[in-house]
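Q: Taking the hints into account, I'd like the entire structure generated from these sequences.
Per the numbering used here, the sequence shown starts with residue 3, numbered consecutively.
Hints in this document: simulated from the structure, not taken from any laboratory. Among the hints, a few may not be true.
Stated by the list, open to error - Restricting the straight-line Cα-Cα distance to at most 25 angstroms, the calculated cross-link-like pairs of lysine to aspartate or glutamate (DMTMM-like) are:
hint : residue 1 : residue 2
1    : Lys119    : Asp466
2    : Lys299    : Asp268
3    : Lys110    : Asp378
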Amino acid sequence: MGDSKLILCCFIACILFLGVNGENPYRYITWKVTYGDIYPLGVKQQGILINGQFPGPHIDAVTNDNLIISVYNYLNEPFLISWNGVQQRRNSWQDGVSGTNCPIRPGKNFTYVLQVKDQIGSFYYFPSLLFHKAAGGYGAIRIWSRPKIPVPFPSPAGDFTVLAGDWYKTNHYVLRRLLDSGHNLPFPDGLLINGRGWNGYTFTVDPGRTYRFRVSNVGLTTSINFRIQGHKLKLIEVEGSHTLQNTYTSFDIHLGQSCSFLVTADQIPQDYYVVASTRFTRRVLTTTAVLHYSNSKRGVSGPVPGAPTIQIAPSVMQARSIRWNLTASGPRPNPQGSYHYGLITPSRTIMLSNSAPYINGKQRYAVNGVSYVPADTPLKIADYFKIPGVFNLGSIPTWPPSGNNAYFQTSVMAANFREYVEIVFQNWEDTVQSWHIDGYSFFVVGMNGGQWTPASRSSYNLRDTVARCTTQVYPRSWTAIYMALDNVGMWNIRSENWARQYLGQQFYLRVYSPANSWRDELPIPKNALLCGRARGRHTRPF
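A: Laid out in structure tokens, this is it:
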């Protein structure tokens, strides 16, 4: 009996030791959000700065780190930050969009508590309210593998972030008024790389060494093509998935997407153009940064290297060439490809079709005929407090209606925890669409032109397609994904074209578990901001 008690005591002591000493690290970050003068295209504008910086400071984390991010809002408007690609496992309370969080009022602060659970890769953050993204406020997120987890490439000599995208000289509140009045945005005025225009940013490299370039399209309206004069791009990662290391001369990156390349400085020592240009636009905008060899005595020269412009077929072929590296470790030491997504039969199919209707004489955008309007209370908070009348489940159909009549609704789709679903994005418009799903990575199993039908499944890649959080849909085409609904919460599904998102091309997916268990979902944070019909209520301790 004494031996049994001794063993039990030792067991309890081990559990307590592991519980205290095995906790993942905490990283504390404080941000002050202000307006400030910026000159990205040579014109003075009022930009959104984080700690005085545009773009904002990088977030660097290691798999499973806890991030404690205190955001102080010194703007004269409500403000929220969201995390493009960081999944917030069991924790949509921290998603930072209008359907999950009350805004941070002027002069107030809110502390986000995130864990980058089982993630690696390249992502970014951005302001999600009031078209603030057009004023800046974005920055890079880099999640590194834990030191003992092998990665499928040698450690690079350096790690560069490239935040590229279109930009307007017009201030964000003027653009917002334009959209509110029912008009489309004009064509962008230019492109930026890391907040600067033509040759405004320099990446310095040593000859013969290899560097990682993490590239995100943080723009508002256009896909981009990325390339480096005279150098090859070896793709190694897409939004948290190690890929087969295919080599490209240029690469298309659609709105909201992120990826990583290895670039070797193996050319004659001089300076070279780093180029981003708009894709699928009749008028092509181009901007450049500089790849500077540390022993270079010659600046950039010659024409900027060209790339595809409006051609769709090369982009489709390139997208299909992106494959998962099945033998590489992910955030854990097991191979990424050990999850056999193609052997699981989806429980149902959801088809989402975008459209550009006029409602009450004004331009709007819709999903399955429903143009989203924000509620007066965040949906997640209303759901927690069981406040009636804020939203209705089933307020958006799971299949596009046969008619053309679109209508306003605070659209929420119901889904069950641990469902495995097939989602088909059907695009009948003449523009490229880019779709993002918060809280999830999904498998892009197929894409093709025309109408999707059940027979289209015969062309799916059920072996080694990449898992990511943002996917493109080409004009008059479809893209299909498989997704395991393993993350309870209220999750935003949206267009990454920010004008379309702002004018209604989004909705929320409520992934529900009846267990009401902390194993499935964390409780409401003690510091949760309460607004609308939830004002004056009380939260329980976190």
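Q: All the hints need checking, so say for each whether the structure fits it.
A: Now for the hints, and whether the structure bears them out:
Between the alpha carbons of lysine 119 and aspartate 466 the distance comes to roughly 23 angstroms, so the proposed pair stays at or under 25 angstroms and holds. For the hint pairing lysine 299 with aspartate 268, the CA-to-CA distance comes to about 16 angstroms; that is within 25 angstroms, so the pair holds. Distance check on the hinted pair: lysine 110 and aspartate 378 sit about 20 angstroms apart at the alpha-carbon level, within 25 angstroms; holds.
Of the hints listed earlier, there is not a single one the structure fails to meet.
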